[in-house]
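The primary structure of each chain is shown beneath.
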Amino acid sequence: MLVVGLLAFAVSTKLGDPVNNMLGQSATSEEREAMRRELGLDRPFVVQYGRYLGRVTRGQLGVSYRLGIPVGELLAERLPASVELSGVAMLLTLLFGVPMGIYTALRRGSVVSKVILGGSLAGLSVPTFLIGLLLIFLFAVQLQWLPSSGRGQVVSVGPWTTGLLTASGLRSLLLPSITLALYSLALLLRLVRGELLDVLQSDHVRFARARGLPERSIHFRHGLRNALLPVITVAALQLGSLLAFSVVTETVFQWPGMGLLFLQAVQFVDVPVISSYLLLAAVAFVLINLVVDLSYRVLDPRVRSTLGGT
Amino acid sequence: MRFSRAAVLLGVLFAAETGWGQTFRYASTGDLLTLDPHSADEALSNSFKNNVYEGLVRFNEKLEPEPALAVSWKAVNPTTWRFQLRKGVTFHDGTPFTADDVVFSYGRQRSKNSVMASHLSSIKSVRKIDDNTIEYLTDGPDPILLRNLTEHFIMSKKWSEQHATTEPVAGLSEETYATRHENGTGPFQVVERVPDTRTVLVPFNKWWDLSNKQYAITRAEFRPIANAATRLAALVSGEVDLAYPVAPQDVARVESQKGFRIIKRPELRVVFLGMDQWRDESLDMPGSKKNPFRDVRVRRAVYQAIDEEAIRAKVMRGMAAPTGLIIPEGTEGYDPKLRERYPYDPGASRKLLAEAGYPDGFPVTLDCPNDRYINDEAICQSLVPMLARVGVKVTLNAQTKSKHFDKILKKSNNNTSFFLLGFSPETADAMATLLPVMTMKLEGSGAWNGGRYTNPRVEELVTRIRVEMDPEKRRKLISEALRIHREDFGHLPLHEQLVIWGARDAVEVVPDPRDRVQLRFVKMRQ
Chain A
1 MLVVGLLAFA VSTKLGDPVN NMLGQSATSE EREAMRRELG LDRPFVVQYG RYLGRVTRGQ
61 LGVSYRLGIP VGELLAERLP ASVELSGVAM LLTLLFGVPM GIYTALRRGS VVSKVILGGS
121 LAGLSVPTFL IGLLLIFLFA VQLQWLPSSG RGQVVSVGPW TTGLLTASGL RSLLLPSITL
181 ALYSLALLLR LVRGELLDVL QSDHVRFARA RGLPERSIHF RHGLRNALLP VITVAALQLG
241 SLLAFSVVTE TVFQWPGMGL LFLQAVQFVD VPVISSYLLL AAVAFVLINL VVDLSYRVLD
301 PRVRSTLGGT
Chain B
1 MRFSRAAVLL GVLFAAETGW GQTFRYASTG DLLTLDPHSA DEALSNSFKN NVYEGLVRFN
61 EKLEPEPALA VSWKAVNPTT WRFQLRKGVT FHDGTPFTAD DVVFSYGRQR SKNSVMASHL
121 SSIKSVRKID DNTIEYLTDG PDPILLRNLT EHFIMSKKWS EQHATTEPVA GLSEETYATR
181 HENGTGPFQV VERVPDTRTV LVPFNKWWDL SNKQYAITRA EFRPIANAAT RLAALVSGEV
241 DLAYPVAPQD VARVESQKGF RIIKRPELRV VFLGMDQWRD ESLDMPGSKK NPFRDVRVRR
301 AVYQAIDEEA IRAKVMRGMA APTGLIIPEG TEGYDPKLRE RYPYDPGASR KLLAEAGYPD
361 GFPVTLDCPN DRYINDEAIC QSLVPMLARV GVKVTLNAQT KSKHFDKILK KSNNNTSFFL
421 LGFSPETADA MATLLPVMTM KLEGSGAWNG GRYTNPRVEE LVTRIRVEMD PEKRRKLISE
481 ALRIHREDFG HLPLHEQLVI WGARDAVEVV PDPRDRVQLR FVKMRQ
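Chains as they are written, first to last, in my numbering: chain A, 1 to 310; chain B, 1 to 526.
Be a bit skeptical, because a hint or two may be false.
Stated by the list, open to error - Straight line, CA to CA, 30 Å or less: simulated DSBU-like cross-link-like pairs of lysine-lysine:
| no. | chain 1 | residue 1 | chain 2 | residue 2 |
| --- | --- | --- | --- | --- |
| 1 | A | 14 | B | 410 |
| 2 | B | 441 | B | 337 |
| 3 | B | 411 | A | 14 |
| 4 | B | 351 | B | 393 |
| 5 | B | 401 | A | 14 |
| 6 | A | 14 | B | 112 |
| 7 | B | 213 | B | 87 |
| 8 | B | 403 | A | 14 |
| 9 | B | 393 | A | 14 |
| 10 | B | 87 | B | 523 |
Unchecked claim - Some chain B residues near chain A, calculated using beta-carbon distances under 8 Å:
| no. | residue |
| --- | --- |
| 11 | 33 |
| 12 | 34 |
| 13 | 41 |
| 14 | 42 |
| 15 | 118 |
| 16 | 179 |
| 17 | 197 |
| 18 | 223 |
| 19 | 225 |
| 20 | 226 |
| 21 | 233 |
| 22 | 402 |
| 23 | 405 |
| 24 | 406 |
| 25 | 411 |
| 26 | 432 |
Claimed, not checked - Taking beta-carbon pairs under 10 Å as the criterion, some of the chain A residues facing chain B (in silico):
| no. | residue |
| --- | --- |
| 27 | 26 |
| 28 | 142 |
| 29 | 254 |
Derived by calculation from the structure, the hints in this document are not laboratory data.
All residues carry an ideal CB built from backbone N, CA and C; glycine is no exception.
Could you put together the complete structure from these sequences and hints?
Rendered as C-alpha cells:
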C-alpha cells in the first residue's frame with residue numbers, strides 16, 4: 001500500500017499545476033505564488049509526500065481542490081453510482097456470459113454459436129466509448145427510447161442513493177451497464193467455452209461417458225464444475241476492473257460515479273482526489289483477490305487438502 | 001445532497017417526455033465547481049454566478065456596466081467613489097440588503113482564501129456612510145472600477161455568520177456551508193443541486209428587477225455533460241433545450257435537424273502565438289548563443305508564413321474571425337483600424353529570415369494545449385507545414401491545459417520558446433489584456449506574458465492608461481500601445497474563435513460574448 005501511495009502521489013503531482021486551474025486568469029503571478037505556498041506546493045517532493053502520508057494515516061484524505069468538498073465525502077457520494085453500474089454490469093456478464101459460453105461449447109457447430117462467438121470478438125475489440133456512442137445514437141437519438149446520459153431520478157436509502165427503485169433510474173442504467181458489460185461478457189464467454197471444451201476432453205469425462213452416465217450429468221456435474229475455477233478467478237478480477245476502470249463509460253454517459261470524478265480530477269490536477277481514488281482502487285483489488293483466494297478453499301477440495309496437510 | 005420532495009414527485013423522466021413549455025434545460029462541458037461566488041474563478045462557475053448573486057454593478061447585453069444593487073455612483077474625489085445602494089432589495093432568504101452586506105462581502109472576497117480577490121485589487125477599503133450609502137477608496141484613480149465591480153458578488157452578512165461561512169474555502173481547509181447553499185439577491189434561486197449531475201433553479205419572486213425582467217422561463221435545469229458527442233445526442237434527442245459549446249465539426253449536424261438551430265457570434269477571446277523574447281539563447285538551439293525570436297524580422301517572418309485564411313476555412317470550418325489585433329472586438333479600447341492582418345506572404349517571409357541571418361530557418365518547439373480552445377491542437381498541427389515551407393522546423397508539443405499552462409507561465413520560468421494561448425479580457429476592457437499579456441515591469445503585470453514581451457513605451461503607456469479617467473484620452477493611449485505592440489510583432493494574433501451554441505427553435509437567447517448562458521436573458525416559447 002505504501003508503494004501504491006507513493007505512486008499515486010507521484011503521478012498526481014506530475015500532472016501540472018493545480019494553482020492555474022484554481023485561480024482565474026486575472027490573478028497576478030504573486031497571487032499564484034501565495035496560493036502555492038498556502039497549499040504547500042512550493043515544498044520539495046519529499047516534504048509534500050511526508051505530509052500527505054501523515055494526513056492519510058490519520059484518515060484525512062484532504063479537501064478537493066476543484067470542488068472544495070472533503071474527499072472522503074465526495075467518494076462516498078459517488079460510490080453508489082459506480083457500485084450500481086458495475087454491479088449490474090457484472091450481473092449481465094454472469095447472466096449472459098456463462099450460459100452463452102456453455103452453449104457455444106456444447107453446440108460447437110451451430111449457427112447461433114458462430115453468431116455469438118463472432119459478436120464476442122466485436123465485444124473484445126471495439127473500444128468501449130465507441131460502443132457507448134453507437135448505443136446512444138441508436139436508442140437515445142434515433143429511437144428515443146432511453147435517455148442518453150445521467151442517472152435519472154434516484155432515491156436515498158440512508159447514506160446510499162439508488163437508481164434501482166425508479167423507472168427513470170433503471171432506464172438510465174440500461175445503456176451504460178450494457179456498454180460496460182460487453183467487454184467482460186465477451187471475455188468470460190470465451191473463457192467458459194475454452195475451459196469447458198478442455199475439461200470435456202479430459203480423462204475423467206471420457207471415463208464418465210464410458211460408464212454410460214447421461215450427457216446432462218456429464219456436462220454439468222463433471223464438466224462445468226471443473227471448468228469453473230479459473231472462470232471465478234477471472235470473473236472476480238473483472239469485477240475489480242469494472243469498478244475501478246469504468247472511467248470511459250462513466251464519461252460517455254455522464255454517469256455521476258467515481259470514474260467521472262477521477263477523470264475530472266485528472267484534468268484539473270485535483271491532487272487529493274486523484275491520489276485517494278488510486279488508493280481506494282488498490283484497496284478494492286487487494287480485497288477482491290483475498291476473497292478469490294479464500295473461495296478456492298470452498299470450491300476446490302485439492303486446495304483444502306494441501307492446506308490441511310501443511 | 002438530498003432531493004427536494006417536489007423534484008422526486010415530478011421526476012426528470014416525466015419532464016423529458018412531456019416537454020414542459022417553460023422549463024429550460026441546458027447542458028455544458030462541466031459542472032460549476034461551487035455555489036460560493038468567491039471560491040472559484042473558472043469559466044463555468046463564473047457564468048453561473050450572475051444567475052444567483054449580484055454586484056453593485058452588472059453588465060448589460062453589450063457588456064457595458066449598468067446599475068444593479070447600486071442605483072447611482074459618483075466620484076467624490078479621484079480615489080473615493082460613493083455608491084447609493086438600492087432600497088427594498090432582499091436576499092433569497094428574505095433578509096433585507098444593506099450597506100453592512102457590502103462591507104462584509106468586500107472583506108470576504110478579499111480574504112486570504114478567496115480566489116476572486118484580484119478583481120478588487122485596486123480597492124483599498126470600503127466605508128459605510130449610512131444604511132444605503134457606501135464609499136470605496138481606491139489606491140489611485142481607477143477607470144475600470146465599475147467593470148471590476150461586476151465581479152464583486154454580494155452575500156448576506158447575517159446568513160454567512162449564521163452558517164459560519166464568513167470566509168471562502170480553498171485547498172486544504174474544510175468545506176463551508178456556501179459551497180452547496182446559496183443566498184444571493186439574483187434573479188434565480190437554486191432549489192436542487194446534485195454536483196456533477198444537475199442544478200435546478202426557479203425565478204426569485206422578490207427580485208428587485210422583476211418588473212423589467214427579460215427572461216421567460218419558469219424553471220431552469222443545468223446538466224453537465226462532459227463528452228461532446230453525448231452532449232450533442234442529448235440536444236438532438238430533445239433531452240435538453242440548449243447545449244454549448246458545439247464543436248465546429250458538429251454544426252452541420254445540428255443545423256440539419258428539424259427544429260434545432262445554431263446560435264453563434266465571435267467570442268471575447270483572441271487566440272494568438274507568443275514567442276520567447278528574453279532569453280539570449282533559444283531553448284531549442286542549445287550552444288548556438290542565438291535566439292531568433294529576439295529579432296523583429298523573424299517574428300514578422302513567422303507571422304507572414306501563417307495562412308490564417310486556411311486555418312479559418314479548414315481547421316475552424318469557418319467558425320473563426322481572423323484578426324491582427326490582440327484584443328477582441330467588443331473590448332473597451334478596441335480599435336478597428338488596427339484589426340487588419342499583415343498579408344500571408346511566404347516569399348516575404350523567407351526574405352526576412354535570410355536578412356535576419358536564418359536563410360535555412362531554425363528549429364523550434366511549439367507548445368500547445370489540446371483541450372482548452374476550439375481545435376487548439378489542430379491549429380498547431382496546421383502551423384507545422386506552413387512554417388516548414390519557410391524553413392522553420394517546428395516540433396509540436398501538444399498536451400493537456402494543466403501541463404501546458406504550467407510550462408509556459410512564470411512558475412516554470414516561462415519554459416517555452418513558442419506557444420499558443422487564447423486570452424479573454426473578461427472585464428471587456430483592454431487593460432485586462434495589456435497588463436497580464438503585454439507588460440512585464442508594472443505591479444501585477446506579466447502573469448500571462450509567456451514570452452516576456454516588453455517595450456518601454458508600452459509599459460509607460462499602460463501606466464498612464466491605468467489611471468486615465470477621460471475615456472477619449474484613454475482610448476487614444478490604448479490605441480497607441482496596441483499599435484506599437486502590433487509593429488513589434490510582440491505576439492502573433494490568429495483569430496477570435498466563435499461562441500457556438502446549439503438550441504431548440506423554441507429557445508430565444510442573446511449569446512454572451514464570454515460564452516456564458518445567463519438565465520436572465522433566456523426566453524422559451526411554448
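Against the structure, the hints:
1. A:14 <-> B:410: Given pair residue 14 (chain A), residue 410 (chain B) holds - Cα atoms ~17 Å apart, limit 30 Å.
2. B:441 <-> B:337: Satisfied, since the Cα-Cα distance of roughly 28 Å is no more than 30 Å.
3. B:411 <-> A:14: Answer holds: residue 411 (chain B) to residue 14 (chain A) is near 14 Å, not above 30 Å.
4. B:351 <-> B:393: holds (17 Å)
5. B:401 <-> A:14: Measuring from Cα to Cα gives roughly 13 Å; hence the hint holds.
6. A:14 <-> B:112: holds (26 Å)
7. B:213 <-> B:87: holds (18 Å)
8. B:403 <-> A:14: Given that 30 Å is the threshold and the Cα spacing comes to 9 Å, the pair holds.
9. B:393 <-> A:14: Roughly 28 Å between the alpha carbons, so the hint for residue 393 (chain B) and residue 14 (chain A) holds.
10. B:87 <-> B:523: Judged against 30 Å, a Cα distance of about 28 Å means the pair holds.
11. 33: Holds: closest Cβ of chain A sits about 6 Å from residue 33 (chain B), inside 8 Å.
12. 34: holds (5 Å)
13. 41: Cβ of residue 41 (chain B) sits 3 Å from chain A, so the hint holds.
14. 42: OK, holds: residue 42 (chain B) within 8 Å of chain A, min 7 Å.
15. 118: With a minimum Cβ separation of about 5 Å from chain A (threshold 8 Å), the hint on residue 118 (chain B) holds.
16. 179: holds (5 Å)
17. 197: holds (5 Å)
18. 223: It holds, given that the least Cβ distance between residue 223 (chain B) and chain A is near 7 Å, below 8 Å.
19. 225: Since the shortest Cβ distance to chain A is 5 Å, the answer is holds.
20. 226: holds (6 Å)
21. 233: holds (4 Å)
22. 402: holds (3 Å)
23. 405: holds (4 Å)
24. 406: holds (4 Å)
25. 411: holds (6 Å)
26. 432: holds (7 Å)
27. 26: It holds, given that the least Cβ distance between residue 26 (chain A) and chain B is near 5 Å, below 10 Å.
28. 142: Cβ of residue 142 (chain A) sits 9 Å from chain B, so the hint holds.
29. 254: holds (5 Å)
The structure shown violates none of the earlier numbered hints.
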